[in-house]
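Novice: Sequence:
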Amino acid sequence: MAGVRISGLHFRYPGARGFGMRIDALEVPAGECVAIVGPSGSGKTTLLSLVAGILLPDPGEVRIGDQAISRLSDSDRRRFRIDRIGQVFQAFELLNYLTVAENVLLPRLIDPAAGPLTEARQRAAELLADVGLTAKADERPDRLSHGERQRVAVCRAMLNRPGLILADEPTGNLDQVNKQTVVDLLIRQAQTHGSTLLMVTHDRSLLAAFGRVIDFSELARTEGFAPEAGS
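To convert, count from 1 in the sequence shown and add 4; that's my numbering.
No wet-lab data here; the hints were simulated from the structure. Keep in mind it's a predicted model, so treat the numbers as computed, not measured. Each residue gets a CB set at the ideal place from its N, CA and C atoms; glycine is no exception. Hints should not be assumed to be uniformly reliable.
Pairs of lysine to aspartate or glutamate, EDC-like flavour, derived with a Cα cap of 16 Å [unchecked claim]:
#1 K183 x D142
#2 K140 x E123
#3 K183 x E222
#4 K140 x D179
#5 K140 x E130
Taking CB as the label site, the calculated pair distances span [claimed, not checked]:
#6 S44 x H150: 17 to 23 Å
#7 R144 x L121: 16 to 22 Å
#8 H150 x V217: 23 to 29 Å
#9 D80 x V181: 19 to 25 Å
#10 T138 x V181: 17 to 23 Å
#11 H14 x A129: 42 to 48 Å
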């Protein structure tokens, strides 16, 4: 498990009118499933990018477990994301020239040092079976429904048994039935594998299953309009 702790965080995109954010403190204990709600453009995607180490605070600290990710080098942050963080996006981010199984294996394929390929293949098969997609393992993602694609994306995020799952508007392209299915899947996977889950959304109909809900407008002080998932 890996909890998240943010302290004294300031961030601003370049430019005189760039979006700015300040978060004095946020703590998500290890193993907790948390939803962060707020309208599009409020900065939720920026927050996840800061937690993942894709963006860096100036100043401030982002700590995942016992690691201050914002203090790592570029290469070490990349390695940390591969090893410790699973990410799920609104737009699925699947590669249509790869099969479903290969998409799930992608973290291992781009990082041969991550472990034996045989074990990774077995893990991918188990994850696909868990979400009912064994029969689609050799299909291309563009042959799947939107809901099936997002289930594949969740499997890919779980391949390396991450201590932290970051889900960025993962239900934005889905109908209401599939939205709830994906949220339930994320929470079930987090609880089964002992992961912390941090999901941002603007859809308040999905919040009942979460242990805690944070209103972004109460968490952060912002100015300007931030780029968000799918924009």
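Novice: Which earlier hints can't be squared with this structure?
Specialist: 1, 2, 3, 4 and 9
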